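Student: The primary structure of each chain is shown beneath.
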Amino acid sequence: MKHYLFVIGAFALATSCLMHRAIAKEVILSSVEKNILVDDRTYTAGDFGVSAASADWSVTKTTLRGGMQNGVELVTIDNGEIEIEIIPTRGMNVMCVRGNGLTLGWDSPVKEIVHPRNVNLNYNSGLGWLDSFTEWMVRCGLEYSGHPGDDNGRLMTLHGRIAHIPASEVTIKVDKLSPHRISLTGVVNEVWFKGANFTLETTISTVPGSNTFRFDDTVTNNSSQDKEFQVLYHANFAKELLEKGSRMEGTISEVQPFNNYAAKSLDTHQIYDAPAKVWADEKVYQITPFADQDGFAHFMLHNQKAGKGVSFHFNIDALPYLTQWKNEDSRENGYVTGLEPGNTFPANRSHERKMGRLPKIGAGETISYQLEYSLLTNPKEVKLARAKIDQLNKGRSIKWGKKAER
Amino acid sequence: MKHYLFVIGAFALATSCLMHRAIAKEVILSSVEKNILVDDRTYTAGDFGVSAASADWSVTKTTLRGGMQNGVELVTIDNGEIEIEIIPTRGMNVMCVRGNGLTLGWDSPVKEIVHPRNVNLNYNSGLGWLDSFTEWMVRCGLEYSGHPGDDNGRLMTLHGRIAHIPASEVTIKVDKLSPHRISLTGVVNEVWFKGANFTLETTISTVPGSNTFRFDDTVTNNSSQDKEFQVLYHANFAKELLEKGSRMEGTISEVQPFNNYAAKSLDTHQIYDAPAKVWADEKVYQITPFADQDGFAHFMLHNQKAGKGVSFHFNIDALPYLTQWKNEDSRENGYVTGLEPGNTFPANRSHERKMGRLPKIGAGETISYQLEYSLLTNPKEVKLARAKIDQLNKGRSIKWGKKAER
Amino acid sequence: MKHYLFVIGAFALATSCLMHRAIAKEVILSSVEKNILVDDRTYTAGDFGVSAASADWSVTKTTLRGGMQNGVELVTIDNGEIEIEIIPTRGMNVMCVRGNGLTLGWDSPVKEIVHPRNVNLNYNSGLGWLDSFTEWMVRCGLEYSGHPGDDNGRLMTLHGRIAHIPASEVTIKVDKLSPHRISLTGVVNEVWFKGANFTLETTISTVPGSNTFRFDDTVTNNSSQDKEFQVLYHANFAKELLEKGSRMEGTISEVQPFNNYAAKSLDTHQIYDAPAKVWADEKVYQITPFADQDGFAHFMLHNQKAGKGVSFHFNIDALPYLTQWKNEDSRENGYVTGLEPGNTFPANRSHERKMGRLPKIGAGETISYQLEYSLLTNPKEVKLARAKIDQLNKGRSIKWGKKAER
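Chains A, B and C supply the protein sequences, listed in that same order.
Under my numbering, residues 1 to 406 are what the first sequence spells out, in order.
Under my numbering, residues 1001 to 1406 are what the second sequence spells out, in order.
Under my numbering, residues 2001 to 2406 are what the third sequence spells out, in order.
A few of these clues could be false.
As a list, the in silico DSSO-like pairs of lysine-lysine whose alpha-carbon atoms are at most 30 Å apart [stated by the list, open to error]:
{"hint": "1", "chain 1": "C", "residue 1": "K2034", "chain 2": "A", "residue 2": "K194"}
{"hint": "2", "chain 1": "A", "residue 1": "K194", "chain 2": "C", "residue 2": "K2402"}
{"hint": "3", "chain 1": "A", "residue 1": "K194", "chain 2": "C", "residue 2": "K2277"}
{"hint": "4", "chain 1": "C", "residue 1": "K2244", "chain 2": "C", "residue 2": "K2305"}
{"hint": "5", "chain 1": "A", "residue 1": "K34", "chain 2": "C", "residue 2": "K2402"}
{"hint": "6", "chain 1": "A", "residue 1": "K403", "chain 2": "B", "residue 2": "K1194"}
{"hint": "7", "chain 1": "C", "residue 1": "K2403", "chain 2": "A", "residue 2": "K194"}
{"hint": "8", "chain 1": "A", "residue 1": "K194", "chain 2": "C", "residue 2": "K2244"}
{"hint": "9", "chain 1": "C", "residue 1": "K2034", "chain 2": "C", "residue 2": "K2173"}
{"hint": "10", "chain 1": "A", "residue 1": "K354", "chain 2": "A", "residue 2": "K305"}
If you are wondering where the hints come from, they were derived from the structure by calculation, not from laboratory data.
Keep in mind the model is a prediction, meaning the values are calculated, not measured.
Put together the whole structure using the sequences plus the hints.
Tutor: Here it is, written out as structure tokens:
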């Protein structure tokens, strides 16, 4: 069992502060334990007994009505600068983040936030997950993630179940002390008798008035047995960020093409094409990042003119891989790129096991994930983020792999 | 890509009027776009600012409670003469139409209007659709219809998905001008990432005080690629219309038995038997209709005494086939006949492709379907409908096919 | 077709009284027929126009909110002495029964009362039933029960569908005459077109102030054809009743180990081990009981000190078998034993048919099931129950079978 050391450094300290910080007041949005489900309502600083501080912020709970999204719970954190739309009903996925002319998200052909009760993951030989694929951030896992197919007589459905499990407990917390960080915590249980027994606890938080937000997630194995598990943060970008000439940068140690089509343009994997007119195949790259001195890998994506972008970092002790999914298909079919930190690559679980990439989590063990995203809304911010990555890459070179065998 | 010419003629003109007619007022019953879902309420002429005209009509929105139908949305158009029960939650299917001692519908062993969230189409090797089969009119399609089974590695589930997709937008419209036609429009999206991307827009409309109603449907392919697709209007008749000696008539060009059991009584396919005591197998006939000068095929079904019946016509450019399904099973098991206009026959998609009957819809293309039904509530009306079909059949003969090979 | 004779004797008379007894008033909690679904409310003796009699009782209807149990209907009968939690949404299963320091139920790793709409029975090669396995009493059946696998080309999903079908009609009835027995009746329909057409009508009843409650269930075949069917009352015990040294007793005629692991400790099948630390396999025994003069088999389970226990009896004309499932797994994984009266054993339907154990129910036939449970809350009650079973066993011996072949 690999032991996940607690990361030392600035971010780790921040996390530590998050864990022990004084909370002004806690608001329960939904709770299985207390049999609570709040309907439509907006909360502001006054509801938490704190001053609005640097920005006029709010948290709004909505229930969606009609069509395939009937009954879906939505929570919008508006920190005064950016809005973060979180979907408790879909495993605390994030629909989109937007502000200052920038959107984290994409235009999927699936337009609605489909209720999990409308989705059959077994459908279409295990591709049912695609019936509801529309969010900016979809977590994949936890018992398995990756491509559908057989693993020891079981059909692994595409990307696992966690995105289709409603959160059992959802709570807003606001820091008592300035700058009054706003947090939304959700508890999602993936469990079946004689099988998986995992708890994902996620806290999505942001400081009022900032362009930054982060995930502080933990996965706990409640079973008395060690278990294989997979985690993939399937974050999908398009909107203002993806176009011909858009560029992805990162602290990359190694790149391996996942499929033949990707192998053909390995050397330009960091640069994006325009959307196809009719149809284009996917290019997937398996990236092994390296970390800064605090244990974080750094990545970014920016548009052609480098005027808008997004940067993010994550702890590679728990998330040692990043999958780059280039889907330069038509706009109608969903032009998008996924930049997906994970603890494996997205092949079927049976393949990842064979490649020695399938981790285990011990009985009772808890593993922590930290991912922080910043919206870069002008050339200066893009340049700064790029400079940081360039600095880390100085003196290093990328190892180019051959097409992954399967 | 076959081009669907706009049909010239009286009906086409009516359709054209429908498209460009002045609307008194529009009432939204549910909308994903506007996050609206109206609960129980009845609307009358006054709500639309029009006079009640020739008949005292109403439109009622109900939400069903309890059992397998909990949460199902139902809309009842009562035009003063007939009631039409439409189910937005089930792809705008029609539960039944009734008035003047006549019912379009049947007594399925499935008694409830089962919510799609209670149905697993994959169930029972792809027969899950039968768990909720109870309506008068069930649309089948759109990515595929027909019998379950493999097509290129995918399980085609019986009759496709469209009947189990809730409408995203549902609107009542009433014509400003007399006779104040009442319309219910629903938008249903069948979509998955990297797959189907179809929109069905259906308008079910009737004139106050009439015995007639119609479907003005369109199917649009939102993808950037041409796509195979299937459409079948699975309309099921029993109640006052089906008994020993009931008779189906139509503008029939060719008849081919679908199965061996059907082949044995090919020459009497237009006449019905009494329900079986214990059990009877199905007889299915593949019918190729011909059209009148306006492009419409005409069919009817009447009871033994020819005192009650139903007549209908549909545009054969988009619906070139009709499947006759004779299920002369026991009353307990669901004595019923289906008269089903479609763009293919009901074998598995792989078979229809092989037979050259599987159509494609172009990228961005929209195809229109018009079906008009009339309740024939006395011998005179039955006789008139019969005379019209006889007139069209004059001088023609039916081509009898052999059992369909599969 | 085996004919099920009406059982003669005390219990039968009581049943007869139940059927013809005068009802003070009937309260509808939910009804498909009447389009009713009562939200949160508590009913007491006054609501039925009767005196509170020997105990201060109530019936409470709750709707659960949040997570996987959002929308689940729960009815709690508090008879003044014990509380019975019934789940209409899950086929009238019983979550738990508790009172006087004793609980019928267990600690499943599945903590929530999962809504059937969140369950895909096909999942995991037909093991989807385990995603929601948490109740004290789960009925299995009716078209099939038992282990998943193929039967004539159909996937039999684990333990069938009845636990995942919401009741269509739910009614509280209270006897007009003292002791004012409280009954909850539910109607659950398992039906698909061209397939199963069964109705389960269950009445769960208790006398105010008593430690006893019972099931008076009927299964009716609404089809015009005779049908195979399976019924298993999957009752699961742990909490205060299961520990190292707990003991099961019963009117046992024959015992056969179901699996190899069970065969190894056949002679101690009546005694339980402590929960495993990490993991333990299941031991399953196929028990053929014998009946008392009134047609009832008697069983009991008590803790190591014989200070707490449960006793129950059931009619063996309709329930000729009992499956003992010893799951001495870790507490985290769900330490539990099932004592499961049934009309077959829990192998796949195809195997039970081969073994001559798969019964049929005639067209239109109704079969009755009576099961009565008593909470034994002190050593005296345990001793009395044990004495009754010992008396019945006097002069008899158990036939020990070999491992069941499959």
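Student: Hint by hint, say whether it matches the structure.
Tutor: Hint-by-hint comparison with the structure:
Between K2034(C) and K194(A) the alpha-carbon distance is near 41 Å, which puts this suggested pair outside the 30 Å criterion. This hinted pair checks out: K194(A) and K2402(C) have alpha carbons roughly 27 Å apart, not beyond 30 Å. With a CA separation close to 15 Å, the supplied pair K194(A) and K2277(C) stays within the 30 Å bound. Distance restraint check for K2244(C) and K2305(C): the Cα-Cα separation of roughly 10 Å lies within the 30 Å cut-off, and the hinted pair is therefore satisfied.
For the proposed pair K34(A) and K2402(C), the alpha carbon gap of about 50 Å is over 30 Å, so the pair is violated. Only pairs whose Cα atoms come within 30 Å are accepted, and K403(A) paired with K1194(B) is accepted, the gap being roughly 23 Å. For the hint pairing K2403(C) with K194(A), the CA-to-CA distance comes to about 23 Å; that is within 30 Å, so the pair holds. For the suggested pair K194(A) and K2244(C), the alpha carbons sit about 21 Å apart, so the restraint of at most 30 Å is met.
Distance check on the hinted pair: K2034(C) and K2173(C) sit about 17 Å apart at the alpha-carbon level, within 30 Å; holds. A hinted pair counts as satisfied when its Cα atoms are at most 30 Å apart, and K354(A) with K305(A) does not qualify at roughly 42 Å.
Checked against the numbered hints given earlier, the structure breaks hints 1, 5 and 10 and satisfies all the rest.
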